[in-house]
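Residues per chain, in single letters:
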Amino acid sequence: MVVIYTIPSSSYNPGMEPDPTLDEVEILGPPTTFASSSGSKTANFKLKVNGSTLNKVKARITMTRAQPITAGSQSPASNAVWTYIGTPTGGAYEAEWDLAATQVMAPSSHQEFAVNFSPGPVGLYRFTYSVWAEELSSVVETYQDVNVT
Amino acid sequence: MPKKKKLTGFNIPRYYYKVPLPPSAATDYLEFEVVRPLGLTPGHATLILDPQSRGKPGAKGGVSLTNVEITVNAPGCTIKQPKVTPALSGLTMSPKGTKGCCTWHHHKGAKANKITYHVPFSTSRKDTLRFEFIVRANELIRPVRLQTDLRMTAQVTPETISVPRTRTAKAKPKPAGKSAEASA
Numbered sequence: 001m002v003v004i005y006t007i008p009s010s011s012y013n014p015g016m017e018p019d020p021t022l023d024e025v026e027i028l029g030p031p032t033t034f035a036s037s038s039g040s041k042t043a044n045f046k047l048k049v050n051g052s053t054l055n056k057v058k059a060r061i062t063m064t065r066a067q068p069i070t071a072g073s074q075s076p077a078s079n080a081v082w083t084y085i086g087t088p089t090g091g092a093y094e095a096e097w098d099l100a101a102t103q104v105m106a107p108s109s110h111q112e113f114a115v116n117f118s119p120g121p122v123g124l125y126r127f128t129y130s131v132w133a134e135e136l137s138s139v140v141e142t143y144q145d146v147n148v149t
Numbered sequence: 150m151p152k153k154k155k156l157t158g159f160n161i162p163r164y165y166y167k168v169p170l171p172p173s174a175a176t177d178y179l180e181f182e183v184v185r186p187l188g189l190t191p192g193h194a195t196l197i198l199d200p201q202s203r204g205k206p207g208a209k210g211g212v213s214l215t216n217v218e219i220t221v222n223a224p225g226c227t228i229k230q231p232k233v234t235p236a237l238s239g240l241t242m243s244p245k246g247t248k249g250c251c252t253w254h255h256h257k258g259a260k261a262n263k264i265t266y267h268v269p270f271s272t273s274r275k276d277t278l279r280f281e282f283i284v285r286a287n288e289l290i291r292p293v294r295l296q297t298d299l300r301m302t303a304q305v306t307p308e309t310i311s312v313p314r315t316r317t318a319k320a321k322p323k324p325a326g327k328s329a330e331a332s333a
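Sequence order for the protein chains is A and B.
Going letter by letter, the first sequence gives residues 1 to 149 in my numbering.
Going letter by letter, the second sequence gives residues 150 to 333 in my numbering.
Derived by calculation from the structure, the hints in this document are not laboratory data.
Don't take every hint at face value.
[Stated by the list, open to error] Calculated pairs, SDA-like style, for lysine to any residue (alpha carbon to alpha carbon, straight line, at most 20 Å):
id, chain 1, residue 1, chain 2, residue 2
1, B, 167, B, 290
2, B, 263, A, 126
3, B, 263, A, 124
4, B, 167, A, 137
5, B, 155, A, 123
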């Protein structure tokens, strides 16, 4: 189930509110319920820039300590546009992508961020999808509750 | 017995910490649940703070939370007797009988042990209530807020529909001499 979250205009610094269309965070995965034995899953979301240019973007996916990220599975991988950081080292469950200082996300552009992870033990978990940019007054967060059966 | 609900696990994202954590450091882990009351058994809201995800990969090098403040918002509920385990020094909490909100303050954690905050409550509300757990500490840039909705009216499932166990009484015989038309 895809969940779309619109970043409220109050999250932008004064005078930087996109007009007329607000930016969106689209949670694409994983499914809200999956089996612990079902193999690797993907946590991914899309940042859709609708209004005005975003600078110095940071996109993050924070799962929990029970869901280790599969090494090398991040998308985008580090390149001239995005730098990827997985933490903590030795058992990463947090993914962060930093937009290069020479780059911007222009209106009508979008970027998908994804990592594969192991489902971990049976239980309920809350994942955090967050976005920050120079134009935002603070980190914008959305959540997803997942049920590992 | 109230329906058992499982705890939800949550790792505090590292951008919540004032001081940048070293790459090897894990962040603090929270677990929370809200269970609705049933009959005379009170419901409860529970939060567990597991400092620095101890015992897990990358658990070294984190910061210890100090001057911790835990708030549990239980709208429309009467809080019974909150408790925290283990017992901590410098702990203050809102008194028994507080309506709808309960707060603890303590200066230090329990030396990397789990701390469990337990809030029993009762309510006569029948709609959906939004509970909130708020964690504040000196080392955090902003409070961690965890919301969870609790539907107070239990869902009716086939298993919960009771079936009469006693036999229904036999219909009394109609008095002799009266026809169906006469008794109608």
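We went through each hint and held it up to the structure:
no.: 1; hint: B/167 with B/290; verdict: holds (5 Å)
no.: 2; hint: B/263 with A/126; verdict: holds (19 Å)
no.: 3; hint: B/263 with A/124; verdict: holds (18 Å)
no.: 4; hint: B/167 with A/137; verdict: holds (17 Å)
no.: 5; hint: B/155 with A/123; verdict: holds (7 Å)
The structure fails none of the hints (numbered hints given earlier).
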